[in-house]
Amino acid sequence: KNQVEQSPQSLIILEGKNCTLQCNYTVSPFSNLRWYKQDTGRGPVSLTIMTFSENTKSNGRYTATLDADTKQSSLHITASQLSDSASYICVVSDGNAGNMLTFGGGTRLMVKP
Amino acid sequence: DAGVTQSPTHLIKTRGQHVTLRCSPISGHKSVSWYQQVLGQGPQFIFQYYEKEERGRGNFPDRFSARQFPNYSSELNVNALLLGDSALYLCASSLGPGGNGYTFGSGTRLTVV
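Chains as they are written, first to last, in the working numbering: chain A, 1 to 113; chain B, 1001 to 1113.
Quick caveat, the hints were computed from the structure, so don't treat them as lab data. Please note that a few of the clues may not be correct.
[To be verified] List time: in silico SDA-like cross-link candidates among lysine to any residue, alpha-carbon distance up to 20 Å:
hint	chain 1	residue 1	chain 2	residue 2
1	A	K57	B	G1101
2	A	K1	B	E1053
3	A	K112	A	T20
4	A	K112	A	K57
5	A	K1	B	Q1041
6	A	K1	B	G1056
7	B	K1052	B	T1005
8	B	K1030	A	N96
9	B	K1013	B	G1101
10	A	K112	A	D69
11	B	K1030	B	L1095
12	A	K1	B	A1087
13	A	K57	A	A79
14	B	K1013	B	A1087
15	A	K1	B	L1095
16	B	K1052	A	M100
17	A	K57	B	T1103
18	A	K112	A	D84
[To be verified] So, partial list: chain A residues that the calculated Cβ filter (under 8 Å) puts toward chain B:
hint	residue
19	G41
20	G43
21	G60
22	Y62
23	A86
24	I89
25	M100
26	L101
27	G106
Just so we're clear, the structure is a prediction, and the values are computed from it rather than from any experiment. We put the beta carbon where it would ideally sit given N, CA and C, even for glycine.
Chain B on its own, in the form it takes in the complex (with noise of 0.2 Å):
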């Protein structure tokens, strides 16, 4: 079975530009979280979606915005890119919003200029 897999691995954008990150969660897993980890720190909560719905939303500014599909895929989705925008952004699946059963997957490097 796979595991959680993002696309792209790594990317590179420049300012005031927008980007896509997208997530596949484990095969039966209905929640996907998006968490942003700059350099040398711990990850940062962004969104929950479960069955589609947002469940949970972190400090975030609007230029963040996210949606999960039918098959449970997630995209998140940041515009007008700035360059503190620049992190690890990982995606992690669930069976549901709560439980015990998180696994990340590894990652897409963003990297503003």
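One chain only, chain A, in its complex shape (with noise of 0.2 Å):
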């Protein structure tokens, strides 16, 4: 069964720091892998997309990696600030016909002055 599980599920920094959010998959076979921002009540909006032969990708003062050998990805926020404060969603697209969207359950960021 496909499966994306993200870490932590919740996180609470200070404006300015930096922060790390994590993405495990056992989508097979893989296609991409997505990072979404979520603001409360809103649609995502993408933020990155990387493949399999992308290791990493930068939007700004987002980063992504993406290692295809352990399944792993993560999310690098610099110098976050207030609007910043959103759920953040990995999602993995798979390699078949349908390249179906499995989604992984968040991780709600709040950033504090």
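Take the two lone chains and join them into the complex the hints point to.
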């Protein structure tokens, strides 16, 4: 069964600090991995997408890494801002014809002043 | 260009009622997927439609149904509502059934009382 596990479930950090969110997956065959940011009550917004051959991708203060051998990904947020407070969801797409998405449960990040 | 639009944004229904949620994909996108997100959890896949045909179905009861129209917009219908159907319902559109271009709408918040 395809699964995506994220850790920690929730995280509180002070404004300006860095943090790293983790994602482990068992989706097979693997197609791509995406990180989304979701504000409360809103739809997810894509931050990064990585295929099998990519091991790092940045989007401003967000940097995602992918280790396809260990089936792990991380999202690093640098110099956090209050607006970074949101849920961060790891989503893995399988390599079958349907390219179905498997979602992690998300990490709820709160940035405090 | 408008993004993925969903309507209504919020609604409240009583147990046993029926509800119809609507989604308009990004212009040029021919695939629409529906997800249910219960508070505090990641989205769960319900349906995917491509070129007006069902391409995938998640583990949801037959009370849930959907369809896609010739203009690629879509409706999600839920019959005999239960309290547990209360959730944020997300629609995502993409060019095709797979690929990298999933874009989510802001969702419809359904509350069943």
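Tested hints:
no.	hint	result
1	A/K57 - B/G1101	holds (17 Å)
2	A/K1 - B/E1053	violated (25 Å)
3	A/K112 - A/T20	holds (16 Å)
4	A/K112 - A/K57	violated (26 Å)
5	A/K1 - B/Q1041	holds (18 Å)
6	A/K1 - B/G1056	holds (16 Å)
7	B/K1052 - B/T1005	holds (18 Å)
8	B/K1030 - A/N96	holds (19 Å)
9	B/K1013 - B/G1101	violated (33 Å)
10	A/K112 - A/D69	violated (35 Å)
11	B/K1030 - B/L1095	holds (5 Å)
12	A/K1 - B/A1087	violated (24 Å)
13	A/K57 - A/A79	holds (17 Å)
14	B/K1013 - B/A1087	holds (12 Å)
15	A/K1 - B/L1095	violated (27 Å)
16	B/K1052 - A/M100	holds (17 Å)
17	A/K57 - B/T1103	holds (19 Å)
18	A/K112 - A/D84	holds (10 Å)
19	G41	holds (6 Å)
20	G43	holds (4 Å)
21	G60	violated (19 Å)
22	Y62	violated (17 Å)
23	A86	violated (13 Å)
24	I89	holds (6 Å)
25	M100	holds (6 Å)
26	L101	holds (7 Å)
27	G106	holds (5 Å)
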